[in-house]
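Q: Here is how the chains run, residue by residue.
There are 2 protein chains.
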Amino acid sequence: MSNGKRLTSQSEDFSAWYNEIVQQAELASHSPVRGCMVIRPYGYRIWELMQGALDGMFKATGHQNAYFPLFLPKSLLDREAEHVEGFAPETAIVTHAGGTKLEEPLVVRPTSEAIIWPILSDWIHSYRDLPVLLNQWANVVRWEMRTRPFLRTTEFLWQEGHTAHANEAEAEEETRRMLGVYRTFMEDWMAMPVVTGLKTDTERFAGALRTYACEGLMKDNKALQAGTSHSLGENFARAFDVRFQNEEGEHVYVWSTSWGVSTRLVGGLIMTHGDDEGLVLPPKLAPYETVIVPIWRDEEQHRLVLDASNRVKVDMEAAGIRVHVDDREGMNPGSKYYDWERRGVPLRLEIGPRDVQAESVMAVRRFTPEGSDRKTAMPLAGLGSRLRTFLDGIQEELLTAALARREAATVRGIEDYAEFQRLIEEQGGFVYTGWCGEADCEQNVKEETKSTIRVIPDEEFRSDGAPARCLCGAPSKGEVVRARAY
Amino acid sequence: MSNGKRLTSQSEDFSAWYNEIVQQAELASHSPVRGCMVIRPYGYRIWELMQGALDGMFKATGHQNAYFPLFLPKSLLDREAEHVEGFAPETAIVTHAGGTKLEEPLVVRPTSEAIIWPILSDWIHSYRDLPVLLNQWANVVRWEMRTRPFLRTTEFLWQEGHTAHANEAEAEEETRRMLGVYRTFMEDWMAMPVVTGLKTDTERFAGALRTYACEGLMKDNKALQAGTSHSLGENFARAFDVRFQNEEGEHVYVWSTSWGVSTRLVGGLIMTHGDDEGLVLPPKLAPYETVIVPIWRDEEQHRLVLDASNRVKVDMEAAGIRVHVDDREGMNPGSKYYDWERRGVPLRLEIGPRDVQAESVMAVRRFTPEGSDRKTAMPLAGLGSRLRTFLDGIQEELLTAALARREAATVRGIEDYAEFQRLIEEQGGFVYTGWCGEADCEQNVKEETKSTIRVIPDEEFRSDGAPARCLCGAPSKGEVVRARAY
Chain V
1 MSNGKRLTSQ SEDFSAWYNE IVQQAELASH SPVRGCMVIR PYGYRIWELM QGALDGMFKA
61 TGHQNAYFPL FLPKSLLDRE AEHVEGFAPE TAIVTHAGGT KLEEPLVVRP TSEAIIWPIL
121 SDWIHSYRDL PVLLNQWANV VRWEMRTRPF LRTTEFLWQE GHTAHANEAE AEEETRRMLG
181 VYRTFMEDWM AMPVVTGLKT DTERFAGALR TYACEGLMKD NKALQAGTSH SLGENFARAF
241 DVRFQNEEGE HVYVWSTSWG VSTRLVGGLI MTHGDDEGLV LPPKLAPYET VIVPIWRDEE
301 QHRLVLDASN RVKVDMEAAG IRVHVDDREG MNPGSKYYDW ERRGVPLRLE IGPRDVQAES
361 VMAVRRFTPE GSDRKTAMPL AGLGSRLRTF LDGIQEELLT AALARREAAT VRGIEDYAEF
421 QRLIEEQGGF VYTGWCGEAD CEQNVKEETK STIRVIPDEE FRSDGAPARC LCGAPSKGEV
481 VRARAY
Chain E
1 MSNGKRLTSQ SEDFSAWYNE IVQQAELASH SPVRGCMVIR PYGYRIWELM QGALDGMFKA
61 TGHQNAYFPL FLPKSLLDRE AEHVEGFAPE TAIVTHAGGT KLEEPLVVRP TSEAIIWPIL
121 SDWIHSYRDL PVLLNQWANV VRWEMRTRPF LRTTEFLWQE GHTAHANEAE AEEETRRMLG
181 VYRTFMEDWM AMPVVTGLKT DTERFAGALR TYACEGLMKD NKALQAGTSH SLGENFARAF
241 DVRFQNEEGE HVYVWSTSWG VSTRLVGGLI MTHGDDEGLV LPPKLAPYET VIVPIWRDEE
301 QHRLVLDASN RVKVDMEAAG IRVHVDDREG MNPGSKYYDW ERRGVPLRLE IGPRDVQAES
361 VMAVRRFTPE GSDRKTAMPL AGLGSRLRTF LDGIQEELLT AALARREAAT VRGIEDYAEF
421 QRLIEEQGGF VYTGWCGEAD CEQNVKEETK STIRVIPDEE FRSDGAPARC LCGAPSKGEV
481 VRARAY
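Protein sequence lines correspond, in order, to chains V and E. FYI, in this note's numbering the residues of the first sequence are 1 to 486. FYI, in this note's numbering the residues of the second sequence are 1 to 486.
The following block holds chain V by itself, in its conformation from the complex (with noise of 0.2 Å):
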């Protein structure tokens, strides 16, 4: 229970309040395991809930779940040489087993390639068995310094897409595929505007070709990459001798991809929308949708109340709405209201004596667009289809917010380094610049303003009129959208 604890404010300090929204709202917990958190019930309810939509929206796009080994004996990681040098510093190794030490080492898989491509190797034989379209739900352990609870962990819980095609413009099409599936999920579900667009070279998956990915803008003006997607070419193919009969009978290589989201979009939701007095939930995403708060003051009152707060439960369950009836003894209503506004509840129902006399409630609401008001009273006839629509509509309003605040944090055509590198000190966001698109140039932006260009973004998020030059002066090759990130 979160009743009476302090919340630092995000002004004074986001990550202190992040830190705390994570425990008090608990969310995860830490555990005797370095860098491994626990996640709690209501923390991996909110996961649980962004997996059955996920899987609905992979199922959909003809995917089929799979499950490969958490270990990889540790030669195959060794055979992509750029995603062995990537991966191979974080990882955890198995050194013995059943009491005795083993004869080759074994890798926890940080992520699965690996160990995916030798085990497909032996089911694809001809162009008839192409695509190959797979996801895993899975756990994957990186040996990470700084851990921080859902942003960063040791162990993290994720999914991982993996396919295989005939052609490169097959597996470019589905690259790009997946990344609207998770730009659709983080705004449909999650509320969050993301900015999409290619990594650069410097910041692609290690043994891609090419890496796109979902930018989010956090309260705090920093970026967070929320899911990444993988056009991997042939090099997974080649290092793992995947081939196929295509239609004209040659033996070729299949080109693949990877794509995945992990626990780290939790993270991503608190920040979106927490605000100083806790987790703010959409709807879509909340444990409860809504909480009903009966108020009693003697036993009659009480037995009163109840009922018609357990009528009210199903009325709304009827219409599709996740609700809980707090009738916890011993602790007041307002102590109540604190603890469900903590941890984010999006409506609140307050029913007492007079309400049911008067066959109403009245309905709190967490988050409050300018404009609206927080409470209002609403009959109990036909209360569960109007509160269906109303928690859609705060869905909506969420991510109207969400991306008004995140446009209120873009800003466009930046040309001049200093003024370039006040606005990340002083105000972070979204900053948009040109690139001359060398490492070099990127690499000293990086060093001289812990910035780091995001990506390069897709047509829909380029400005009307970029700037010709890049920071550095040379002539720009591209729009780039820079920014802080986590």
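These are calculated hints, taken from the structure and not from any lab test. A hint or two may mislead.
Same chains, same label: a pair holds when it works inside one copy or across any pair of copies.
[Unchecked claim] In silico DSSO-like pairs for lysine-lysine, Cα to Cα no more than 27 Å straight-line:
1) Lys59 <-> Lys313
2) Lys375 <-> Lys219
3) Lys74 <-> Lys101
4) Lys5 <-> Lys375
Keep in mind that this is a model prediction, so the values were computed, not measured.
Got chain V; can you put chain E on it based on the hints?
A: Just chain E now, kept in the frame of chain V:
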């Protein structure tokens, strides 16, 4: 595609039959990691359907999902003496991570008691915090010497329930409740009858006071332990100092339970219903409950039957049936029949041009009980709801048949050791005998007959007239169920 491959018959070599069916129905395949299998999409979908049903039952009994770390610091595993003795010999150990040797080795969880209880000790303070009712869906690793797909693998997927209670009676009630949930799932969803009861001390979970189990009887007359539920007493609470203030103000230890089922259930499903033609799936756990095979000779017929097939599909989906239209070209209908029979699809609908004209389809069952017709012509009108009822009937018939098979392979009231030895050697199955209660006697019988005491059966499974004497001749202290087992 399984088409054309010969399947060893069950009577010829049950073990070979099992391995072939796992491969040919594309349920799982081997991996480059010793003892670890790959769960292929068709097998994983069965597991997903199992998960969905079980998860609903866990939530309906008040449990919440959470997630705890994959790794246990070795010192934590060492805390509960009996527990570490039972599990340490089969663990996998991480000694290096992030490029350096770890100060303390990490154990990959073989089960999670040793990481969950130190964490829960921070969550539980007062009797008002109890009961704690948690479940985790996760992978675990046990370094097994001899492995078989689904039945015994080094890594496997499972769920593990972990609960804390204020006293022994409530913990015992929970242990029994979850055993009942497992039994209901196995009977109602898997159509796999089980005998439930108490494990002997030598067979109980390392660290438990009492272990209860569900025991199925496979088609080769060997028993399969399909699920276990443990009353852990105060053992883990004492080892990890998990105490709470009770209503009297005393600080006392919690009473805990744990319970689990795993991907082993998929193996149980295969061996409960499969036959010489391949897999036989109960509708409730079949990735496709029905496959529609359109039959055509020319383009005109092709359009006609495909159109009719898709209309039937829509009708069936509206009735809540998982259905697939097999419209593969270049493959004759007979090969498709063979393929889906091998994969155990409960019902096939054949739709040819004449069927379309007659406004009917031919429905062909995978499993046909004696006295029923394998093929039934059915009118197109109202097909969806008729098939829903038909499939529900097949589900029941499978349970009835499995129950009859088990009863036919069960012998009760055996007192004579020579007769017992002959029964176990020649027919297998469940043999009910008396037991003196001595571990030495239990061990002797195990060594001499390779059979074990599966359970001390719950009251509803006890015989009317149980033997007065154990197989060793000493007075019996109660009836037991013995069998050779997986």
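Q: Against the earlier hints, flag every one the structure doesn't satisfy and list their numbers going up.
A: Violated hints: none at all, because every hint is consistent with the structure.
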